[in-house]
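Residue numbers (full-length UniProt numbering), protein chains in the order written: chain A, 1 to 248; chain B, 1 to 248.
Honestly, the hints are just simulated from the structure, not real lab data.
The reader is advised that the hints may include incorrect statements.
No copy is singled out in the list; a pair is fine if it fits within one copy or between any two copies.
As the list claims (entries may be wrong) - Taking lysine to any residue and the SDA-like style, the derived pairs with C-alpha atoms no more than 25 Å apart in a straight line are:
{"#": "1", "residue 1": "Lys231", "residue 2": "Asp53"}
{"#": "2", "residue 1": "Lys114", "residue 2": "Phe131"}
{"#": "3", "residue 1": "Lys75", "residue 2": "Lys135"}
{"#": "4", "residue 1": "Lys83", "residue 2": "Asn14"}
{"#": "5", "residue 1": "Lys83", "residue 2": "Pro234"}
Number of protein chains: 2
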Amino acid sequence: MKRLKSTIAYDGTNFEGYQIQPNGRTVQGELQSALNQLHKGSKVKVYASGRTDAGVHAAGQVIHFDTNLHIPPEKWPYAMHTKLPADIRILSVEEVPSSFHARFSVVQKEYRYKVWIGERQDVFQRHYTYFYPFKLNIASMEVAKQYLIGTHDFTSFCSSKTEIEDKVRTIYELDIYEEENVLVFRVVGNGFLYNMVRIIVGTLLDVGRGKINANNLTTILKEGNREQAGKTAPAHGLYLWNVVYNDN
Amino acid sequence: MKRLKSTIAYDGTNFEGYQIQPNGRTVQGELQSALNQLHKGSKVKVYASGRTDAGVHAAGQVIHFDTNLHIPPEKWPYAMHTKLPADIRILSVEEVPSSFHARFSVVQKEYRYKVWIGERQDVFQRHYTYFYPFKLNIASMEVAKQYLIGTHDFTSFCSSKTEIEDKVRTIYELDIYEEENVLVFRVVGNGFLYNMVRIIVGTLLDVGRGKINANNLTTILKEGNREQAGKTAPAHGLYLWNVVYNDN
Chain A
1 MKRLKSTIAY DGTNFEGYQI QPNGRTVQGE LQSALNQLHK GSKVKVYASG RTDAGVHAAG
61 QVIHFDTNLH IPPEKWPYAM HTKLPADIRI LSVEEVPSSF HARFSVVQKE YRYKVWIGER
121 QDVFQRHYTY FYPFKLNIAS MEVAKQYLIG THDFTSFCSS KTEIEDKVRT IYELDIYEEE
181 NVLVFRVVGN GFLYNMVRII VGTLLDVGRG KINANNLTTI LKEGNREQAG KTAPAHGLYL
241 WNVVYNDN
Chain B
1 MKRLKSTIAY DGTNFEGYQI QPNGRTVQGE LQSALNQLHK GSKVKVYASG RTDAGVHAAG
61 QVIHFDTNLH IPPEKWPYAM HTKLPADIRI LSVEEVPSSF HARFSVVQKE YRYKVWIGER
121 QDVFQRHYTY FYPFKLNIAS MEVAKQYLIG THDFTSFCSS KTEIEDKVRT IYELDIYEEE
181 NVLVFRVVGN GFLYNMVRII VGTLLDVGRG KINANNLTTI LKEGNREQAG KTAPAHGLYL
241 WNVVYNDN
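Same shape as in the complex, but just chain A:
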């Protein structure tokens, strides 16, 4: 038995999210079904760095699974593509020690959130960017984001459904930059709570639009009340971009 680590990309549009569920098409479900076929029906369990919600995309999700097949790592993407639907692509596969775990070994994650700020909606972007028709004051968003960088209790920036007790996380980097008609939010941290990136983006957009004062971010963080932060930005603008492990 050897353990394989794989970096994958998927278009979240037609999935009910990453995690397998009794009804509905999921990324994990498709991955496991492809691997079960390659393993002639023996069940293979796939572990990911974390779940993504329905509509959320991945440019660099990481998974691991164990196998007894004698396929060289560089041939694995081809083998899996014969069984996978076109909206999941295997970017790379490598052998890792059995101590590696796609979820528990994560040391850093990067998400990107894409906002379409072109004058009008682009039909080809409708599943891949969030169309935001309001004028944004980027300077005040830059002020606001500074309060979020660093180690904080992010209780006000996660879904009230979050069950994890410890809501302290560290954001290492939070960049906001424009690429043609797309405003990109790039967030790098040691871990993220449920909906955290989408609430951060929703809050920064509210700041940019003038609905929340940039300097209120410190109070919003301190008071730990989800109601004070902005709306959760929609799923289809969000990309799990990169996952970093210790030995990478």
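For chain A, the structure is supplied; the task is to place chain B on it using the hints.
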């Protein structure tokens, strides 16, 4: 009754092409159904600059229709968006003289064809660019394209199913340029035969790959044999980009 000209965009992925048909979802079908609803059930016929095949996109298709509704032109896009699916967007609407005809008044059309030349396929591009994994010699494609510019009988560059007798067309411009990982073919002409742009692109790709000699293009044109030109490039890389009329 007044005549309205409208520029529209659509994502061709989930359509069986532009033209209405008894079964299958079409752009014309959706447009007419939206307009019929706005006209309280009276049937409205929509005329386009031309058809597009299943999977082909439009960034600037032009249509016209007649209406007795008293909606100012600038409000029409909003009205139509309330009835249209998200994969068709109305970019603009203007009133035109009743002599205007979306198909018969065309003086020039522009198509673009996008080829993904990145090292590996991008899952987010799979419906919007044609993934071409082979190395291309752009210099020989530049030589080849020169033979196509100008007025020629394009019999070898149209589907053998083409029923139109006169196969002489003029190509004014044929540009090939790179935008990040996308090789764009931009073709401007006075009119195009069935599959003409896709066969031109397929042929130029065969030249770039070394399967057809660039200087053979003159013979291929002269002999008028579809078999000698390259393969028809797939639909999902093609965009009807712009349609020009006399008074624009």
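Going down the list of hints, with the structure as the test:
1. Lys231 <-> Asp53: within (16 Å within a copy, 41 Å between copies)
2. Lys114 <-> Phe131: This pair counts as both: shortest intra-copy Cα distance 9 Å, inter-copy 24 Å.
3. Lys75 <-> Lys135: Between copies, since 21 Å is at most 25 Å while 48 Å is not.
4. Lys83 <-> Asn14: Intra 17 Å, inter 23 Å, cutoff 25 Å: intra and inter.
5. Lys83 <-> Pro234: Between copies only: 23 Å across, 31 Å inside.
Checked against the numbered hints given earlier, this structure breaks none of them.
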